[in-house]
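Sequence lines, in order, name chains A and B. Okay, so the first sequence: first residue is 410 according to the numbering used here, each after it adds one. Okay, so the second sequence: first residue is 410 according to the numbering used here, each after it adds one.
Just so you know, the hints here were simulated from the structure itself, not pulled from any lab data. Check the hints yourself; a few may be wrong.
Identical copies go unnamed one by one, so any copy, or any two together, can satisfy a pair.
Taking lysine-lysine pairs in the DSS-like style, the calculated list, with each CA pair at most 27 Å apart, reads [to be verified]: (1) Lys712 <-> Lys657; (2) Lys478 <-> Lys523; (3) Lys646 <-> Lys657; (4) Lys523 <-> Lys609; (5) Lys646 <-> Lys478; (6) Lys490 <-> Lys478; (7) Lys490 <-> Lys650; (8) Lys490 <-> Lys657; (9) Lys609 <-> Lys490; (10) Lys609 <-> Lys650; (11) Lys523 <-> Lys646; (12) Lys712 <-> Lys650; (13) Lys523 <-> Lys490; (14) Lys523 <-> Lys650; (15) Lys646 <-> Lys712; (16) Lys712 <-> Lys490.
Listed below, chain by chain, are the residues.
Protein chains: 2
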Amino acid sequence: MSDDPRFGLARSVTLPGPLRLDGGALLSPIDLAYETYGTLNHDASNAILICHALTGDQHVASDHPVTGKQGWWTRMIGPGKPIDPERHFVICANVLGSCLGSSGPASVNPATGKPWGMTFPVITIRDMVRAQAMLLDHLGVARLLAVVGGSMGGMQALSWAATFPERTASAIVIASAARHSAQNIAFHEVGRQAIMADPKWRGGDYYADGDPPVAGLAVARMAAHITYLSEAGLTAKFGRKLQGRNVKTFGFDADFQVESYLRHQGISFVERFDANSYLYITRALDYFDLAEEHGGALANAFKASPTRFCLVSFDTDWLYPTAESRGIVHALNAAGAAASFVELSSPFGHDAFLLESPELSRVVDGFLRAGAR
Amino acid sequence: MSDDPRFGLARSVTLPGPLRLDGGALLSPIDLAYETYGTLNHDASNAILICHALTGDQHVASDHPVTGKQGWWTRMIGPGKPIDPERHFVICANVLGSCLGSSGPASVNPATGKPWGMTFPVITIRDMVRAQAMLLDHLGVARLLAVVGGSMGGMQALSWAATFPERTASAIVIASAARHSAQNIAFHEVGRQAIMADPKWRGGDYYADGDPPVAGLAVARMAAHITYLSEAGLTAKFGRKLQGRNVKTFGFDADFQVESYLRHQGISFVERFDANSYLYITRALDYFDLAEEHGGALANAFKASPTRFCLVSFDTDWLYPTAESRGIVHALNAAGAAASFVELSSPFGHDAFLLESPELSRVVDGFLRAGAR
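Hey, can you work out the whole structure from these sequences and the hints?
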């Protein structure tokens with residue numbers, strides 16, 4: 410480990426900026442909370458940026474400060490894992506707009522001394538990526554060996570390759586998409602409406618009294634959570650099994666295990682996440698359309714790209730189905746970019762990328778080692 | 410048309426009961442709001458019962474009293490249509506638990522003189538069917554030429570055949586299932602939690618001041634509505650098109666048409682539907698498991714059944730996918746029942762059964778005419 414205070418767990422930095430956002434606003438300063446694992450080598454050529462998903466955070470391989478649970482991707486990152494701090498310098502930052510230490514609606518607006526709330530500017534996936542690039546400047550990383558992410562993390566990886574091609578040697582894009590579909594937007598809109606319908610939301614101005622819109626946020630999480638799981642996975646895990654009882658109660662308790670499970674997902678989520686951040690990040694996802702940013706043709710995003718791409722989808726993922734990954738691969742092929750693609754089989758739907766998957770580990774490991782040769 | 414006051418549009422009847430419910434309670438009296446179209450023939454052999462879906466009602470082919478819109482299945486029922494009042498005596502009743510005139514949580518409990526609210530007993534699909542059977546007794550219909558329904562209406566049709574086989578000459582089951590899956594239950598639970606999280610719900614006791622939990626009910630409707638449409642249908646209809654603007658606003662207005670559409674679905678729904686009824690009917694759906702009612706084997710529900718069955722599914726319906734209908738057909742085959750089955754192609758998902766579908770009309774018409782021979 411280095412003595413450099415920039416490196417290690419539970420780091421944060423305030424960058425002066427300003428960062429010009431896609432929406433036109435200038436954001437300054439920019440707080441970024443992040444962690445690094447491993448050691449940056451002498452020519453700074455072993456850096457891998459991990460990009461997290463909607464409700465993820467920088468604790469990719471360290472215990473979460475609120476829940477105490479282990480990092481969300483210890484299956485992928487750690488000693489002997491495909492991304493190994495013994496060999497790689499791993500960086501993971503809380504995305505702009507989130508609530509684990511990076512600038513977002515729960516942060517204090519220095520101009521007013523109060524939380525931004527809904528006056529925080531709307532951000533995009535590309536804004537998140539630009540903030541990450543500023544962090545890499547701070548860390549002395551000119552070029553990434555790889556940028557890796559699943560779900561929204563995959564969108565950031567794509568945006569990295571499109572926005573900073575010379576800084577992106579390779580990109581691993583898992584269970585992701587190059588744009589949000591109408592159905593994706595629809596589910597997010599349900600979640601946003603659930604939050605904004607909660608009287609405790611109060612136009613986003615709820616930070617002063619510690620009484621946030623947890624009921625609305627829990628409903629939003631429950632709706633989203635269904636999209637992370639496959640129908641077959643839900644059936645296998647829960648089916649119509651009852652929860653701690655032998656007969657139906659003919660009431661409105663959580664009779665079924667799947668109800669109890671969903672309620673738990675909602676309730677536990679609100680302990681670790683901010684409702685306004687949920688609004689902002691879902692908005693960023695819905696706005697994401699990489700083709701639109703490049704004249705309507707996705708291939709334009711990757712013209713003459715020096716980046717090597719690895720795309721992975723899961724056959725039961727109906728949030729970002731395989732067809733989305735295939736569309737990206739077609740665009741990469743049309744652009745003449747180096748791309749490999751595999752659809753993996755899993756019963757677990759979208760969530761598969763976070764779960765034990767020897768195949769996924771093999772694919773990521775093989776791709777990274779091939780690039781290192 | 411008959412002069413009999415039992416027959417015609419906008420009818421209702423109060424039946425003394427009591428009706429013993431699956432949950433054990435005795436319900437008495439039972440109000441049923443219904444409509445009839447056409448004339449019951451001399452031997453009462455031309456009666457067709459139409460069963461409506463979750464948020465449907467008895468106005469199958471007459472204008473809705475609240476919205477003013479035409480009946481919800483005028484494509485199927487009317488002069489020259491497969492179900493034709495010139496030939497058939499058509500009955501459609503508001504289901505038990507609903508809010509268009511039949512007994513439900515918004516009805517007055519005669520014991521207290523106040524609305525039942527959440528003291529209304531939890532009901533099942535079979536309870537709805539038993540109430541319909543009491544209505545048929547009242548109307549002088551011993552046996553149905555056919556019972557026909559889509560979605561929850563199809564479940565009632567199945568339950569009719571299983572509960573009253575001798576009264577059910579044929580059953581047409583469209584876009585339906587013999588049990589609610591874990592995913593089905595999960596989506597309903599999100600809706601129920603959205604309603605119950607609304608402070609205006611007040612434990613269901615909100616009828617006195619005309620201030621119902623419309624925000625929660627709208628969110629519930631929005632979440633459910635997504636499941637009625639296919640991903641491809643949403644993409645074709647809305648894609649990522651913006652609503653009345655050329656550029657994104659970088660705000661939280663309904664930038665996308667699909668957001669605006671969903672919000673409209675939510676807002677317009679609350680004008681015509683009661684939140685507690687939504688809780689009760691979704692519960693009835695989640696409890697539905699025809700196999701469970703018959704010792705765990707679906708085929709037992711149809712043993713030696715005299716009923717002819719017609720099953721129809723739609724290829725893009727992911728709420729009650731074709732596999733559910735196929736499972737029913739297998740059970741019918743195992744039981745030796747007469748069953749025909751067709752999967753129709755439609756881009757519209759579950760909602761296809763309500764939309765213009767010449768193939769569906771042909772199937773229903775052909776099946777009914779074959780039975781009349």
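Point to revise | Within, between, both or neither: Lys478, Lys523 at alpha-carbon 27 Å | key: Neither way: Lys478 and Lys523 sit 31 Å apart in one copy and 50 Å across, limit 27 Å.
Point to revise | Alpha-carbon proximity context of Lys523 and Lys646, limit 27 Å | key: neither (45 Å within a copy, 42 Å between copies)
Check your understanding: Is the C-alpha distance from Lys490 to Lys478 at most 27 Å within one copy, between copies, in both cases, or in neither?
Key -> Classified as within; 19 Å inside a copy, 61 Å across copies.
Practice item. Could you figure out if Lys609 and Lys490 sit no more than 27 Å apart (CA to CA) within one copy, between two copies, both or neither? Key: Classified as neither: same-chain Cα gap 44 Å, cross-chain 51 Å, threshold 27 Å.
Exercise for review: Since the copies are identical, ignore which copy is meant and state whether Lys712 and Lys490 lie within 27 Å (CA to CA) inside a copy, between copies, both or neither.
Suggested key: neither (32 Å within a copy, 56 Å between copies)
Check your understanding: With identical chains treated as interchangeable, where does the CA-CA distance between Lys712 and Lys650 reach 27 Å or less: within a copy, between copies, both, or neither?
Key -> Classified as between: cross-chain Cα gap 26 Å, same-chain 52 Å, threshold 27 Å.
Exercise for review: Measure nothing new, just compare the shortest in-copy and cross-copy C-alpha distances for Lys646 and Lys712 to 27 Å and report within, between, both or neither.
Suggested key: Neither: 44 Å inside a chain and 31 Å across chains, both beyond 27 Å.
Check your understanding: Is the C-alpha distance from Lys712 to Lys657 at most 27 Å within one copy, between copies, in both cases, or in neither?
Key -> between (59 Å within a copy, 26 Å between copies)
Point to revise | Up to 27 Å CA-CA - Lys609 versus Lys523, copy category | key: Within one copy, since 18 Å is at most 27 Å while 30 Å is not.
Review point. Are the CA atoms of Lys646 and Lys478 at most 27 Å apart within a copy, between copies, both, or neither?
Key: Classified as within; 22 Å inside a copy, 42 Å across copies.
Check your understanding: At most 27 Å between C-alpha atoms: does Lys646 with Lys657 qualify within a copy, between copies, both, or neither?
Key -> within (19 Å within a copy, 40 Å between copies)
**Study point:** Within, between, both or neither, where Lys490 and Lys650 count as close if Cα-Cα is 27 Å or less
**Key:** Cα proximity of Lys490 and Lys650: none, with 36 Å in one copy and 42 Å across.
Comparing the model with each numbered hint stated earlier shows that hints 2, 7, 8, 9, 10, 11, 13, 14, 15 and 16 do not hold.
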